[in-house]
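Go by the hints and put chain B onto chain A.
Residue-level listing of the chains:
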Amino acid sequence: EDQVTQSPEALRLQEGESSSLNCSYTVSGLRGLFWYRQDPGKGPEFLFTLYSAGEEKEKERLKATLTKKESFLHITAPKPEDSATYLCAVQGLTDSWGKLQFGAGTQVVVTP
Amino acid sequence: DSGVTQTPKHLITATGQRVTLRCSPRSGDLSVYWYQQSLDQGLQFLIQYYNGEERAKGNILERFSAQQFPDLHSELNLSSLELGDSALYFCASSVDPRLNTGELFFGEGSRLTVL
Numbered sequence: 001e002d003q004v005t006q007s008p009e010a011l012r013l014q015e016g017e018s019s020s021l022n023c024s025y026t027v028s029g030l031r032g033l034f035w036y037r038q039d040p041g042k043g044p045e046f047l048f049t050l051y052s053a054g055e056e057k058e059k060e061r062l063k064a065t066l067t068k069k070e071s072f073l074h075i076t077a078p079k080p081e082d083s084a085t086y087l088c089a090v091q092g093l094t095d096s097w098g099k100l101q102f103g104a105g106t107q108v109v110v111t112p
Numbered sequence: 001d002s003g004v005t006q007t008p009k010h011l012i013t014a015t016g017q018r019v020t021l022r023c024s025p026r027s028g029d030l031s032v033y034w035y036q037q038s039l040d041q042g043l044q045f046l047i048q049y050y051n052g053e054e055r056a057k058g059n060i061l062e063r064f065s066a067q068q069f070p071d072l073h074s075e076l077n078l079s080s081l082e083l084g085d086s087a088l089y090f091c092a093s094s095v096d097p098r099l100n101t102g103e104l105f106f107g108e109g110s111r112l113t114v115l
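Chains as they are written, first to last, in our numbering: chain A, 1 to 112; chain B, 1 to 115.
If we strip away everything but chain A, and leave its shape as in the complex, we get (with noise of 0.2 Å):
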């Protein structure tokens, strides 16, 4: 079965201070790796895909990275508008439906 392991589960930065965010996964070959973003009370909202090691996909000050085994979220120079708890989620080769299995998230918090 498709596991995604998040860490860590929370992280508090001050504004400006960059950081990353790790997503740890298990798939019996990888169809795509998602991102998304979830606000307090509100439905996750998509961020990026990638599809292979080695892609890069970036936005404003979030990029992403993947490798065979994880992929990274970094954050550069956060402002307190990128407070929201951040998901990741794979979809398998199997799924061709668009299942998507995804982690736990960490939240994030971004103070002045």
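Treat the hints as calculated values from the structure; they're not laboratory data.
Warning: the hint list may mix true and false statements.
[As the list claims (entries may be wrong)] Straight-line C-alpha distance at most 27 Å; calculated DSS-like pairs for lysine-lysine: (1) Lys69/A <-> Lys59/A; (2) Lys69/A <-> Lys57/B; (3) Lys42/A <-> Lys9/B.
[As the list claims (entries may be wrong)] Residues of chain A clear of chain B, computed beta-carbon distances all greater than 10 Å: (4) Leu11; (5) Ser18; (6) Thr26; (7) Gly29; (8) Ala53; (9) Gly54; (10) Glu55; (11) Glu56; (12) Glu60; (13) Arg61; (14) Leu62; (15) His74; (16) Val110.
Note that beta-carbon positions come from the ideal geometry of N, C-alpha and C, so glycine has one too.
Just chain B, lined up with the frame of chain A:
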């Protein structure tokens, strides 16, 4: 606003009861997914429909059932409710999961409290 509409937003009911959660996907999206989110389990996949047909199933309890109607809206039925069913239930939609973008559009969820 993701364009996915879920009703009701909040629901409080008693053990043993039955409830129905409703989801209207984004305009043009053919696929609907249901996820359950609780504090101890995270976001758990329940079931997925594409153009009215069930396409993938997760660890959905036998007490739960779902369907997608011809107008593409979907309903999740939860019966014989137990305290442990208290959770946030999310609906998500996508155009065509076979495109493999992983981009799901989530609604704001229905918070179910079973007393």
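Okay, the hints, checked on the actual structure:
With a C-alpha separation of about 22 Å, the suggested pairing of Lys69/A with Lys59/A holds against the 27 Å cut-off. Among the hinted pairs, Lys69/A with Lys57/B is consistent with the structure: their alpha-carbon atoms are about 26 Å apart, no more than 27 Å. A C-alpha spacing of about 11 Å is found between Lys42/A and Lys9/B, which places the hinted pair at or below 27 Å, so the restraint holds. At roughly 17 Å from the closest C-beta of chain B, the C-beta of Leu11/A stays outside 10 Å, upholding its exclusion from the interface.
Every CB of chain B lies more than 10 Å from the CB of Ser18/A, the least distance being 26 Å, so the non-interface label holds. Every C-beta of chain B lies more than 10 Å from that of Thr26/A, the closest at about 16 Å, which supports listing it as non-interface. Every CB of chain B lies more than 10 Å from the CB of Gly29/A, the least distance being 13 Å, so the non-interface label holds. Annotated as non-interface, Ala53/A keeps its C-beta farther than 10 Å from every C-beta of chain B; the closest such distance is 16 Å.
Remark: the non-interface label on Gly54/A is consistent with the geometry, its nearest Cβ contact in chain B lying 18 Å away (cut-off 10 Å). With a least CB separation of 13 Å from chain B, Glu55/A remains clear of the 10 Å interface cut-off, as annotated. For Glu56/A, the requirement that its beta carbon stay farther than 10 Å from each beta carbon of chain B is met, with the minimum near 16 Å. With 10 Å as the threshold on Cβ separation, the claim that Glu60/A sits away from chain B holds: the shortest Cβ distance comes to roughly 17 Å.
With a minimum CB-CB distance of about 20 Å to chain B, Arg61/A clears the 10 Å threshold, and the non-interface call stands. No beta-carbon of chain B is positioned within 10 Å of the beta-carbon of Leu62/A; the least distance is around 16 Å. Against the 10 Å criterion, His74/A stays outside the reach of chain B, whose nearest CB is about 19 Å from its own CB. At roughly 22 Å, the least C-beta separation between Val110/A and chain B is larger than 10 Å, which holds for a residue marked as non-interface.
This entry satisfies every hint, going by the numbered hints stated previously.
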